[in-house]
Amino acid sequence: MKIALRLVLGAIFIYAAYTKLRQSWLLFALSIDSYQLLPEWAVYAVARTLPLAELALGVLLVAGIWLRYLSIVAAAILGLFLTVMVLSYFRGAGIDCGCFGVGEPLSLKTLARDGALLAGALVLVLLTWGYTQGPEPRA
Amino acid sequence: MKLLTSALLLAALMFSGTQSSSAQSTSTRAVGPVTAAVRIDVFSDYQCPACKALHEQTLKRIKEEYAAKGKIRLAHHDFPLEMHKYARRAATLAAAADRLGKFDAVSNALFLQQDTWSRTGSVDEVVDSVLTPEERKKIDEIAADPAIAANIERDIQLGTRMKITSTPTMIVTHAGKPNPIAGVVTYPVLSRYLNSLLGPAQ
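Chains A and B, in that order, give the protein sequences.
Position 31 (the first sequence) corresponds to 995 in the working numbering; numbering is contiguous.
Position 124 (the second sequence) corresponds to 185 in the working numbering; numbering is contiguous.
Warning: the hint list may mix true and false statements.
What the hints assert, rightly or not - Taking lysine-lysine and the DSS-like style, the derived pairs with C-alpha atoms no more than 27 Å apart in a straight line are:
1. Lys132(B) / Lys121(B)
2. Lys1073(A) / Lys238(B)
3. Lys121(B) / Lys238(B)
4. Lys198(B) / Lys1073(A)
5. Lys121(B) / Lys224(B)
6. Lys146(B) / Lys130(B)
Please keep in mind that the hints were generated in silico from the structure rather than gathered at the bench.
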């Protein structure tokens, strides 16, 4: 289950990065700007760095490197995304999600999808930190 | 199939903008050369607060700095939402005002006084305040023309085909590729994006 979770989450992060990197970074900047949460300089900074961070995180998750720490990073990022999306959705902002490139409206469907990914990341955290397996057997 | 659909929708967008500008040379619903390398099609609802914000914070400047200078084509499309009781009347009056070359005056006033008429329904009074009595009379006659309602309906159908689900939504088209941008974006970020599309020779 741990392997499946990290492969799925890793692949999704890589795909999310790919959809942003294949288009102009300024188009992603417009998606971020439409959330109306960040000042201009931060919009540019996030638009430039987030796709690369998603790509790096995805590759490392698939490779299974530093899994204990990266599972926490993945859960934190997804938790942050979900918080921002929920706030914007219930504020009534008719905007794009910006999750996988342009053209996907922020909706209950996108919230449910991000919630499911967050749940998966949290399960991965629990599995990698061994909370569901009880104490490790002594050698 | 997807490519064909995109091409047809693009053609529909281009035709809709051309139609409004060629029928009346005074029209300012669509500004900028038809052949511009970049075009923005804005689907907007006069009663929607986010449309007011986008219009006042961003699009007025985009119209002045880019469309009026011939760098891009900026076209307005009506997309009155069912939930907004007076939006269609507002769209009708603005479209009628366009035939008299008064689109900017009326649409600016409608957005500026949106808070008031959205509550009271006094759309006509807003229009009265920016036109002469003669112009106002003409606009009432033009607004009764079935072609005005038909044009609004055509805009709604076009937006629906473009899968627009909320207002405001801009479709920025460059090199034949339409990119939808929903919600309110700021002038500096949109301007930087347009500059990147137009290149250094703008």
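Status of each hint after checking the structure:
1. Lys132(B) / Lys121(B): holds (15 Å)
2. Lys1073(A) / Lys238(B): Holds, because 26 Å separates the two Cα atoms, which is no more than 27 Å.
3. Lys121(B) / Lys238(B): holds (24 Å)
4. Lys198(B) / Lys1073(A): violated (48 Å)
5. Lys121(B) / Lys224(B): Roughly 25 Å between the alpha carbons, so the hint for Lys121(B) and Lys224(B) holds.
6. Lys146(B) / Lys130(B): violated (36 Å)
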